[in-house]
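*Asks:* Chain by chain, the residues run as shown.
Number of protein chains: 2
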Amino acid sequence: MKLDEAKKQFVAAWGSFGSNWGINRTMAQIHALLLVSHEPLSADDVMEQLAISRGNVNMNLRELIDWTLVDRVIITGERKEFFTAEKDIWKVARIIVKERKKRELEPMLKFLDSISEVDGDKNDKAVKTFTEAIENIKKFSLQADKTLDTIIKADENWFVGTLLKLFK
Amino acid sequence: MKLDEAKKQFVAAWGSFGSNWGINRTMAQIHALLLVSHEPLSADDVMEQLAISRGNVNMNLRELIDWTLVDRVIITGERKEFFTAEKDIWKVARIIVKERKKRELEPMLKFLDSISEVDGDKNDKAVKTFTEAIENIKKFSLQADKTLDTIIKADENWFVGTLLKLFK
DNA sequence: TTTAATTTTCAATAATTTTTGAAAGTTTGA
DNA sequence: TCAAACTTTCAAAAATTATTGAAAATTAAA
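Heads up: the protein sequence lines correspond to chains A and B, in order. Mapped onto the working numbering, the consecutive letters of the first sequence carry residue numbers 1 to 168. Mapped onto the working numbering, the consecutive letters of the second sequence carry residue numbers 1 to 168.
Hints were generated in silico from the structure; no laboratory data involved. Misleading hints may appear alongside valid ones.
As a list, the in silico SDA-like pairs of lysine to any residue whose alpha-carbon atoms are at most 20 Å apart [as the list claims (entries may be wrong)]: (1) B:Lys139 with A:Gln9; (2) B:Lys101 with A:Asn20; (3) A:Lys91 with A:Trp67; (4) A:Lys128 with A:Phe111; (5) A:Lys87 with B:Ala133; (6) A:Lys138 with B:Ala13; (7) A:Lys87 with A:Arg103; (8) A:Lys87 with A:Ala154; (9) A:Lys2 with B:Ala133; (10) B:Lys110 with A:Ala13; (11) B:Lys101 with A:Ala13; (12) B:Lys98 with B:Ala85; (13) A:Lys91 with B:Lys98; (14) B:Lys80 with B:Ile65; (15) A:Lys139 with B:Glu86; (16) B:Lys128 with A:Asp88.
The calculated label-pair distances, taken between Cβ atoms and stated as ranges, are [unchecked claim]: (17) A:Lys139 with B:Asp71: 21 to 27 Å; (18) B:Asn56 with A:Ile75: 50 to 56 Å; (19) B:Trp158 with A:Asn58: 43 to 49 Å; (20) B:Arg72 with A:Ile52: 43 to 49 Å.
These numbers were taken from a predicted model, which means no experiment stands behind them. Ideal placement from N, C-alpha and C gives every residue a C-beta, glycine not left out.
The whole structure should be built from the sequences, with the hints applied where relevant.
*Replies:* Below is the structure:
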């Protein structure tokens, strides 16, 4: 397969993969494009290669920078800004875990606390089912939170070593 | 807080949580409603409590059953079908992991295999960057696949025991 | 400064996804 | 068998989300 064709397919696949995960398609495509580029790209490069508008590129690049998945780079002698993506996939995974935890899990934990106390007889089956469900979800989420924290802090070697051994 | 109010808030929260994860909001809301119900609900109950149409309820319940998150139950003397959700949150998590792995990770792995060989000089920086990126993503995905398999097979005790200890 | 290059914003528009609801299909009891 | 109860389907409509592109803002060279 030709390099350009393979790149194109990868960008498309990564885009649809991302959109399963609440990340918009274009954002994932730009990320994919930068992941497989051997040199930094300008906004114009991205516009051209993905055939999308300047505004769209700008907004999604900003979002990627916000996630710390992409960095602006200065190229001497160039007026334009250029962009590169973090290439270490373990680091990428840790960044995504960290961001999603912050944006989703932590608010959920806060919310669960806020509804854990309901009026009424604790022996009432309806009340009991509800409070037990919430308690279990809270326990689970706290555990997930801790586990994810450890993963975020861990490096690849820890992962491949300890965890892989554990999961033989 | 009153039980009904707490339930309503939980359903709304679970719905928006779900939609971050590529699960449609209504599907997540129906799941939430069943999670905190002490008795099975009929399609009419769901329609009424969530104020949504019959068709919508039907389609999303079918999807939930397909995911094995919800079961049909027969109530003697009743003509209608009723529905309950799996209440064990660890089991729920394992089901979701399993389904998403099947629907997303496995196709991605297949795809990565299909583009790993590109024409051209292996010393060409562009080719090298691409093949290395794909190889790394493949390695990562294979590792994730294995790890998730172990999690799917594990039970809660294993989780809380071994994994929690590991993650002190 | 001034001006040209570049980036950002955002209202309008387009694309996509979800929901509705009525008609068609199925099941069950009499 | 019939008919009422219930479930499923799916085209059209509504809601949501993403994209465009031109104008405004910013930046940097001269």
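*Asks:* Indicate, hint by hint, whether the structure satisfies it.
*Replies:* Quick rundown of the hints versus the structure:
{"no.": "1", "hint": "B:Lys139 with A:Gln9", "verdict": "19 Å, holds"}
{"no.": "2", "hint": "B:Lys101 with A:Asn20", "verdict": "12 Å, holds"}
{"no.": "3", "hint": "A:Lys91 with A:Trp67", "verdict": "12 Å, holds"}
{"no.": "4", "hint": "A:Lys128 with A:Phe111", "verdict": "19 Å, holds"}
{"no.": "5", "hint": "A:Lys87 with B:Ala133", "verdict": "7 Å, holds"}
{"no.": "6", "hint": "A:Lys138 with B:Ala13", "verdict": "13 Å, holds"}
{"no.": "7", "hint": "A:Lys87 with A:Arg103", "verdict": "23 Å, violated"}
{"no.": "8", "hint": "A:Lys87 with A:Ala154", "verdict": "17 Å, holds"}
{"no.": "9", "hint": "A:Lys2 with B:Ala133", "verdict": "16 Å, holds"}
{"no.": "10", "hint": "B:Lys110 with A:Ala13", "verdict": "11 Å, holds"}
{"no.": "11", "hint": "B:Lys101 with A:Ala13", "verdict": "16 Å, holds"}
{"no.": "12", "hint": "B:Lys98 with B:Ala85", "verdict": "17 Å, holds"}
{"no.": "13", "hint": "A:Lys91 with B:Lys98", "verdict": "24 Å, violated"}
{"no.": "14", "hint": "B:Lys80 with B:Ile65", "verdict": "16 Å, holds"}
{"no.": "15", "hint": "A:Lys139 with B:Glu86", "verdict": "17 Å, holds"}
{"no.": "16", "hint": "B:Lys128 with A:Asp88", "verdict": "15 Å, holds"}
{"no.": "17", "hint": "A:Lys139 with B:Asp71: 21 to 27 Å", "verdict": "23 Å, holds"}
{"no.": "18", "hint": "B:Asn56 with A:Ile75: 50 to 56 Å", "verdict": "52 Å, holds"}
{"no.": "19", "hint": "B:Trp158 with A:Asn58: 43 to 49 Å", "verdict": "47 Å, holds"}
{"no.": "20", "hint": "B:Arg72 with A:Ile52: 43 to 49 Å", "verdict": "45 Å, holds"}
When held up to the earlier numbered hints, the structure conflicts with 7, 13 and fits the remainder.
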